[in-house]
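> Sequence:
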Amino acid sequence: MKKYHYFLVLIAIGIIGKWVVMPSVKTMKLRQDREREKQHKEVLSSCFLRGKCSVSELLSMRSQTGNQKEQLREYVLKNWESLVHQSPKTMWYLKAQIIMAEDINEEFISDILKLSKFNQQAFLQGLSHCHNRHCLDFGKKYYARFNQEDFYDEINLIRIKVPGHWSEKNDILRRLLDSYESSREFTKAATLIDFIPNHPMLKKFLEKHYLRVIGHTHIEKVALHLARYNPGWHDRNYKRVMKSRYMAHIDAFLLNMKVGCPQKLKEIFSYKSYWNEATLEIAKKEARYLFKEMSPVVSDLGLKKEDFIASSKCTEQRETTF
1 MKKYHYFLVL
11 IAIGIIGKWV
21 VMPSVKTMKL
31 RQDREREKQH
41 KEVLSSCFLR
51 GKCSVSELLS
61 MRSQTGNQKE
71 QLREYVLKNW
81 ESLVHQSPKT
91 MWYLKAQIIM
101 AEDINEEFIS
111 DILKLSKFNQ
121 QAFLQGLSHC
131 HNRHCLDFGK
141 KYYARFNQED
151 FYDEINLIRI
161 KVPGHWSEKN
171 DILRRLLDSY
181 ESSREFTKAA
191 TLIDFIPNHP
201 MLKKFLEKHY
211 LRVIGHTHIE
221 KVALHLARYN
231 PGWHDRNYKR
241 VMKSRYMAHI
251 DAFLLNMKVG
261 CPQKLKEIFS
271 YKSYWNEATL
281 EIAKKEARYL
291 FKEMSPVVSD
301 LGLKKEDFIA
311 SSKCTEQRET
321 TF
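Going by my numbering, the first residue of the sequence shown is number 1, and it counts up by one from there.
It should be emphasised that the hints constitute simulated quantities derived from the structure, not laboratory data.
Take the hints with a grain of salt, since some may be wrong.
Pairwise CB distance ranges (calculated) [claimed, not checked]: (1) ASN170 / ARG240: 22 to 30 Å; (2) LEU113 / HIS216: 35 to 43 Å; (3) LYS304 / HIS165: 49 to 57 Å; (4) GLY215 / TYR274: 19 to 27 Å; (5) ASN198 / ASP137: 23 to 31 Å.
Quantities reported herein were computed from a predicted structural model and do not represent experimental measurements.
The C-beta atom is built at its ideal place from N, Cα and C for all residues, glycine as well.
Given only the sequences and the hints, what does the whole structure look like? Please build it.
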């Protein structure tokens, strides 16, 4: 009888879990997601609501679109004198990113050309990192009005972005990458990924100088780019990357293996004794997408066959040999 009662209790718990607890958990998660989204929107607009925004708050909103972009532009123009006094370089950078159709005129460009060299460069940097059509239209129409030597990198970045034939752009890109290499500003090449993702010249440059890219965000961006668009990148570079002991670069390299599907898995994972716990965890998660059969490598990572992601594109195209 006790076993029977115990069995009934288990059934009741199962029913409660399925029909009461789980829906409640899902509802709570949805509520939390909505609350996070609401808080994010409030953070972006809170300074507008209180009527005072710092320069850093405004800069964080430069990528916004729609109504918030309009709010940003309206606030910047209304409070321009005080803001530009606080941080001239940042505000001229930001002003380039809020260009609208009405700014593409002779009066506006004339005012920009009267600025100091320092502020002109800030404006051009903002323009070169802006992706909306008004920025492109402005850049295409007026880039030749700036000093081509003083603002070589910024102007050529703008020229690559505006519509045109690659018969001309290839030479511009070559000279721009040469400039980054000679100045040892390799990280600047990461900004090119957004609008020329699959160019052989850029891929070659980023692969060669991957370990010289600075900043986690840029490193991860370049690693994903190479994994996606440069087949065999992992297999060609695993020794160089792993021996570097640059953990940010190693982590990004491993994190994107399920994108690139390297073949030399045994060789890559042979370096695991040099990895810290965080890196090992990244490698373990990636391995689920890379292997479809048990092997010494998989066992050492503590994975079981049921951990594998059967639908992974890497396992579908690979015959594992160990």
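> So, for every hint listed, does it hold in this structure?
Do the hints match the structure? See the list:
1. As the Cβ distance of ASN170 to ARG240 is approximately 27 Å, the hint placing it in 22 to 30 Å holds.
2. Range check, LEU113 to HIS216: Cβ separation about 37 Å, and the 35 to 43 Å hint holds.
3. Checked against the hint of 49 to 57 Å, the C-beta distance between LYS304 and HIS165 comes to roughly 55 Å, which is consistent with it.
4. Take GLY215 and TYR274: their Cβ atoms lie about 23 Å apart, and the range 19 to 27 Å holds.
5. Evaluation of the 23 to 31 Å hint for ASN198 and ASP137 yields a pass: the beta carbon distance comes to about 25 Å.
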